[in-house]
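Per the working numbering, the very first residue in the sequence shown carries number 5; after that it's consecutive.
Certain hints may be false.
To be verified - With beta-carbon atoms standing in for the labels, derived distance ranges:
1) LYS265 / PRO129: 25 to 35 Å
2) ALA217 / GLY190: 23 to 33 Å
3) ARG43 / SER262: 52 to 62 Å
Said to hold, decoys possible - Heads up, simulated BS3-like pairs for lysine-lysine below, C-alpha to C-alpha not over 25 Å straight-line:
4) LYS105 / LYS197
5) LYS208 / LYS257
6) LYS257 / LYS185
7) LYS61 / LYS121
8) LYS267 / LYS208
9) LYS265 / LYS208
10) LYS208 / LYS121
11) LYS121 / LYS105
12) LYS243 / LYS197
13) LYS197 / LYS185
14) LYS181 / LYS208
15) LYS197 / LYS208
16) LYS243 / LYS265
17) LYS257 / LYS243
18) LYS197 / LYS181
19) LYS267 / LYS243
These are calculated hints, taken from the structure and not from any lab test.
It should be emphasised that the depicted structure is a prediction, and the values quoted were computed from it without experimental measurement.
Glycine residues also receive a C-beta, built at the ideal position from the N, C-alpha and C atoms.
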Amino acid sequence: MTGYYPEGRLMNTVENLSAMQSLSQLNEAYHDGRILEARAVVCDSSHNLLVDLGAIKGIIPREEGAIGIREGTVRDIAVISRVNRPVCFVITDFRRNESGKTVAILSRRLAQERCMKEYISGLVPGDVIDAKITHLDSFGAFADIGCGIVSLLPIDSISVSRIDHPRERFSVGMEIKAVVKTIDNGRISLTHKELLGTWEENAKGFEVGETVAGIIRSVEEYGAFVELAPNLAGLAEMKDNIHAGQQASVYIKNIIPSRMKIKLIIL
């Protein structure tokens with residue numbers, strides 16, 4: 005890692021807190037070109053973000069709110085949604101407002117461009133990186149991989165076991181590790197299931213004869229697949245009145261490592 009993290013990670017670091025203590029400290033960060041973080045408190049009617057810097061107020065002009073806002077390839081919701089959340093930025097100037105008070109002019113876009121150039125552009129498939137879940141949709145989870153730059157975790161890359169919605173694994177704000185799956189024209193797709201352990205590693209936590217908790221993931225004509233762990237499912241004998249998503253107690257009838265199979269009985 006080269007010092008670029010999902011937004012929120014820098015907020016309470018010693019260096020970041022120190023920069024917020026006075027105008028002279030902010031001025032020093034400005035001359036050093038440091039990336040800082042603070043909380044956005046207001047998005048005004050022109051979609052400029054007002055940021056609480058502690059010593060003074062900061063303004064992120066709309067077009068500096070994110071990569072793509074200026075070009076029209078990213079919607080303004082990328083700016084509006086940052087209210088009451090941490091935002092990263094570099095200070096680009098200091099000015100006096102109508103009241104004669106000093107305000108800092110900030111750019112989140114420049115921080116993101118630096119993150120892209122110095123960190124994200126160097127990623128390759130297979131890299132394990134820090135990510136933070138930003139929102140969930142039926143088809144996958146979106147995660148901040150650095151300075152508010154978001155990548156997709158498709159639902160079929162979240163776990164081996166089939167899930168109906170990413171919320172079965174993640175919640176907004178959760179910090180996770182993810183694997184770079186593909187890179188297409190600079191757009192990164194992530195995967196998570198490879199980090200959940202192999203079948204053998206998961207199976208070691210279970211023994212024949214145990215009764216354990218599971219989740220029924222699918223019901224077929226020949227039986228029901230029951231998830232015992234995120235990367236481990238077994239086949240249970242058919243039972244009436246069961247359905248996908250149901251919690252179940254299951255008896256472990258057999259474990260067959262050579263075939264990576266577990267036979268279960270739903271109680």
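Each hint, compared with the structure:
At about 30 Å, the CB distance of LYS265 to PRO129 agrees with the hint of 25 to 35 Å. The hint said 23 to 33 Å for the Cβ distance between ALA217 and GLY190, and at roughly 43 Å that hint is violated. At about 55 Å, the beta-carbon gap between ARG43 and SER262 stays in the expected band of 52 to 62 Å. Taking the CA atoms of LYS105 and LYS197, the gap is near 51 Å; set against the 25 Å cutoff, the hint is violated.
For a cut-off of 25 Å, the pair hint linking LYS208 to LYS257 stands: about 15 Å separates their Cα positions. Under the criterion of a C-alpha separation no larger than 25 Å, the hint pairing LYS257 with LYS185 is inconsistent with the structure, at around 36 Å. With a CA separation close to 28 Å, the supplied pair LYS61 and LYS121 exceeds the 25 Å bound. Taken as a hint, the LYS267 and LYS208 pair is honoured in the structure, with Cα atoms around 15 Å apart against an allowance of 25 Å.
Proximity of LYS265 to LYS208 is assessed by CA-CA distance (about 13 Å); at most 25 Å being required, the pair is judged to hold. At roughly 43 Å between alpha-carbon atoms, LYS208 and LYS121 are farther apart than 25 Å, so this suggested pair is violated. With a C-alpha separation of about 35 Å, the suggested pair LYS121 and LYS105 falls outside the 25 Å cut-off, and the hint is violated. For the suggested pair LYS243 and LYS197, the alpha carbons sit about 29 Å apart, so the restraint of at most 25 Å is broken.
Pair hint LYS197 plus LYS185 holds up; C-alpha atoms about 11 Å apart against a cutoff of 25 Å. As the CA atoms of LYS181 and LYS208 are separated by approximately 23 Å, the hinted pair is consistent with the 25 Å bound. A hinted pair counts as satisfied when its Cα atoms are at most 25 Å apart, and LYS197 with LYS208 qualifies at roughly 18 Å. Proximity of LYS243 to LYS265 is assessed by CA-CA distance (about 19 Å); at most 25 Å being required, the pair is judged to hold.
Taken as a hint, the LYS257 and LYS243 pair is honoured in the structure, with Cα atoms around 15 Å apart against an allowance of 25 Å. Restraint check for LYS197 and LYS181: the C-alpha separation of about 10 Å stays at or below 25 Å, so the hint holds. At roughly 14 Å between alpha-carbon atoms, LYS267 and LYS243 fall within 25 Å of each other, so this suggested pair holds.
Figure legend: structure checked against the earlier numbered hints; hints not met, in rising order: 2, 4, 6, 7, 10, 11, 12.
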